[in-house]
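Could you slot chain F onto chain U? The hints should help.
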Amino acid sequence: MSAHVKPSKLIKGATGDWEVVVGMEIHAQVTSKSKLFSGASTEFGGEPNAHVSLVDAAMPGMLPVINAECVRQAVRTGLGLKAQINLRSVFDRKNYFYPDLPQGYQISQYKNPIVGEGEVLVDVTPTEQIKVGIERLHLEQDAGKSLHDQSPDQSFVDLNRSGVALMEIVSKPDIRSAEEARAYVTKLRAILRYLGTCDGNMEQGSLRADVNVSVRRPGEPFGTRCEIKNVNSIRFIGQAVEAEARRQIGILEDGGTIEQQTRLFDPARGETRAMRSKEEAHDYRYFPDPDLLPLEFDQAFVDALAADLPELPDAKKARFMAVYGLPAYDAGVLVADRETADYYEACVLAGGARRDAKAVANWVTGDLAAAANAAGASVAQVLTPAQVASLVDLIGDGTISGKIAKDVLALMLDEERDADPRDIVERRGLKQVTDTGAIEAAIDAIVAANPDKVEQAKAKPTMLGWFVGQVMKSTGGKANPQAVNALLKDKLGL
Amino acid sequence: MTRDLTRLTLAAARDGLLAKRFSARELAAAHIAAVEQARALNAYLVETPDLALKAAEDSDARLARGDARPLEGLPLGVKDLYCTNGVRTTAASRILEGFVPNYESTVTAQLWRDGALMLGKLNLDEFAMGSSNETSAFGPVVSPWRRRKNGAFDDARIVPGGSSGGSAAAVAAHLCLGATATDTGGSIRQPAAFTGTVGIKPTYGRCSRWGVVAFASSLDQAGPITRDVRDAAIMLRSMAGHDPKDTTSVDLPVPDYEKSVGASVRGKKIGIPKEYRVDGMAAEIDALWTQGIEWLRAAGAEIVDISLPNTRHALPAYYIVAPAEASSNLARYDGVRYGLRKPGKDIVGMYENTRAAGFGAEVRRRVMIGAYVLSAGYYDAYYVRAQRIRTLIKRDFDIAFHAGVDAILTPATPSPAFAIGEKGAADPVEMYLNDVFTVTVNMAGLPGLVVPGGMSSDGLPLGLQLIGRPFEEETLFALGAAVEQAAPKIELPDAWWAS
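Sequence order for the protein chains is U and F. Under the working numbering, the first residue of the first sequence is numbered 266, with each subsequent residue one higher. Under the working numbering, the first residue of the second sequence is numbered 491, with each subsequent residue one higher.
Just so you know, not all the hints are guaranteed correct.
Computed from the model, here is a short list of chain F residues facing chain U with C-beta under 7 Å [claimed, not checked]:
(1) Gly506
(2) Cys573
(3) Trp700
(4) Ser708
(5) Thr737
(6) Glu815
(7) Arg822
It is worth saying that the hints were derived from the structure and are not from the lab. Each residue gets a CB set at the ideal place from its N, CA and C atoms; glycine is no exception.
With the rest of the complex left out, here is chain U:
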């Protein structure tokens, strides 16, 4: 896999170049109404311990019952990762003591996960795509939460999350830079969101990453890795990779060796610090959970889920390029988010017509995205597809210029919210002046008033711009720029 090392990916050390090798374990909370093995709600927030069943609290004699919806979500995710779906998988117990782990073990899948090998295509830049291998995906229970800030001498436990279903998605060590690491998580999150199997909300902890980092000289075998636990934003993932790679290179260049460790990333200080070493690692005493039979389903179950899968980012991007003639870059930006992609398509096809797809893409990824960003909203919350379509149509049919369109957009974001751009243009008299008579009259007046400028323009044709500006000013910006240009050239004899 390491045959082609891109020089741009390498990190310059004091003694030469280094390559960073990254593999990731993503914990993605399954979108489901109830927990993996109990009927309790998975709703985020809520009073502590409001969503706790007898099973989640590990009361004596309680037994887990697998939630079929979580199984379907894991299979759908596996299909989205083009992965092997295992028709038989096994739940194991991972044994350790912790106050927020009521059973004293986590039910997970150890040797026989529900999903095997797959792959994700990652666009690192508009022109660079890499393939990241998926090692496996398995289902497991989330733990509860220990609260250490509620009392000076006691810790409290909130079991609302206890037993919520997680998918642990393990990548192969195919990632070679902080940038690739960020792009991988971004793409994986997009796929999960398209599938509706995880909301990808990193602030609420629905998506967390354990990042395995090692460094090596290009072409050499893998170095010793350190695992950075629970990184909770894409930006931090990039920073953590960067910081950890620098730390390891520093040690190696000073003649030291890397100790296999579990580490934490401190975003405030931009560095990782040791949590526990290999010697302190737990012996989890995994064994098959005797309360649960092996999880078995048939190919027909998988096929039915596959048939129902939505169009995923890669396919949508290819279709946008083929059907709408979009450049790869535009298509890539649009499909990064399913809502945006759907919105874009609704704009292109609004009212049963099909309009200039590239023009729509420019609006959606340009001014609209900026407006949405400023408002902290999604593009769909800013304008309706009908409004966008109408705006683009007004430009297309020459009713308004692109410049006026931006003014109309500003109005729609403010006092003209929910209005049809065509009405706004009509009511406010923003229609482009294409009547050559009116434009000619304006030009004649300006030419007559500025004989010196006319002379200058004859010697220096770029002076034309000054005249265009004057004409637009006198027509309130409504004159059709093409018409103004043509008529001016004619009048000035350029």
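Relative to chain U, chain F alone:
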């Protein structure tokens, strides 16, 4: 007293209530009185007379309007491993001292659904780990049986077996009409054999485990202990059934087991496994087994010799699998959410103090064995090999059943009951050997029924075990009834324990 209602079988009490020969209240009151007088046996950990009388009144109302359910008004004891809503449940462990569940186990809920009522919670070995009921944190149960020497009883207090020692002693001493029990390696069948009662461990998956404190999940099964085979059949019908809350329970219809009692056993093929003739087995056990064979032959069954070659590996393999699962199942008793908590300097100190104070020696031993056999580097050598042996044991039985064997007859235990303190003090393995004939059945997930067969030379009961095909409990009830019919009646000593 002209009649003692506690002398009735469960079936006779049912029929008597239906015939209105006595009321449910009278029946309950007679048992409550018996329980109160028998505290010397230490069979009950909790007595619930008020609940019993209240339920009996409801039953009388139903009986009066001809609306009786299958177990209407029948007083039962419940092994304290079953969680009972609003009634203290301890698994006979300090670690659950004061624990009152707000839920009812599926099996007991089904008994109450069918009209039965609860007299109280019965003693057991702590977390069902033991073969003599001596590991209970609340003291041993004393068997109502006594050794006889030269025609006189001696004073030695005899164990009722374990872990369902409270259930067996209570049934034997007429402190309830029947009792729930559980069986992980013989915990229903060995105490039944020791107390001259009937016990059945049904096929794994026949009864729900939901709400029963877990010992070893892949081996645990609920079942009844009663005074005769018919009563066991009646109780099991109510206890069995599919439960969506236990995914290892099986969705098969529950037959009317009582119909099998008295059914002909003519032509049934009974396997006699030569490997059960173990070294050092008492001659009287061997003689009992031979007697059992003759009774079944006389009833028309065909006797065939079979081989279960992996039998000798069963006990060691069991004592790996069961502690492994137990070590994990008991991890939840950590002092954080319920039960005992002993503070420590930090969280680990709290765990250590709580578990050291809360678990008895046998439980601690098994938790440690279990953690050891699952630990990195030992897992393959112990746990994986034990599971492989388990597969081989199952296959031994499969081969026998495939060859047409309907059931297998063996002794229930290698010896009669012993005195409290007599066994296992120096070497726990001595105690574990009690399970040598019963653990194979749990390892293979099969049904096993124990019925009394006779008496030892010193006057203690001896039991015979019938092992059946999966989910063919009916065959066992038919065969068990045939043995019961043929066997001599054994007489319990007078109520020496009554205060």
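Taking the hints in turn, this is what the structure says about them:
1. Gly506: Cβ of Gly506 of chain F sits 34 Å from chain U, so the hint is violated.
2. Cys573: holds, 5 Å
3. Trp700: This hint holds: Trp700 of chain F lies near chain U, its Cβ roughly 5 Å from the closest one there, short of 7 Å.
4. Ser708: Because about 4 Å separates Ser708 of chain F from the closest Cβ in chain U, which is inside the 7 Å limit, the hint holds.
5. Thr737: Interface hint status for Thr737 of chain F: holds (5 Å vs cutoff 7 Å).
6. Glu815: holds, 5 Å
7. Arg822: holds, 4 Å
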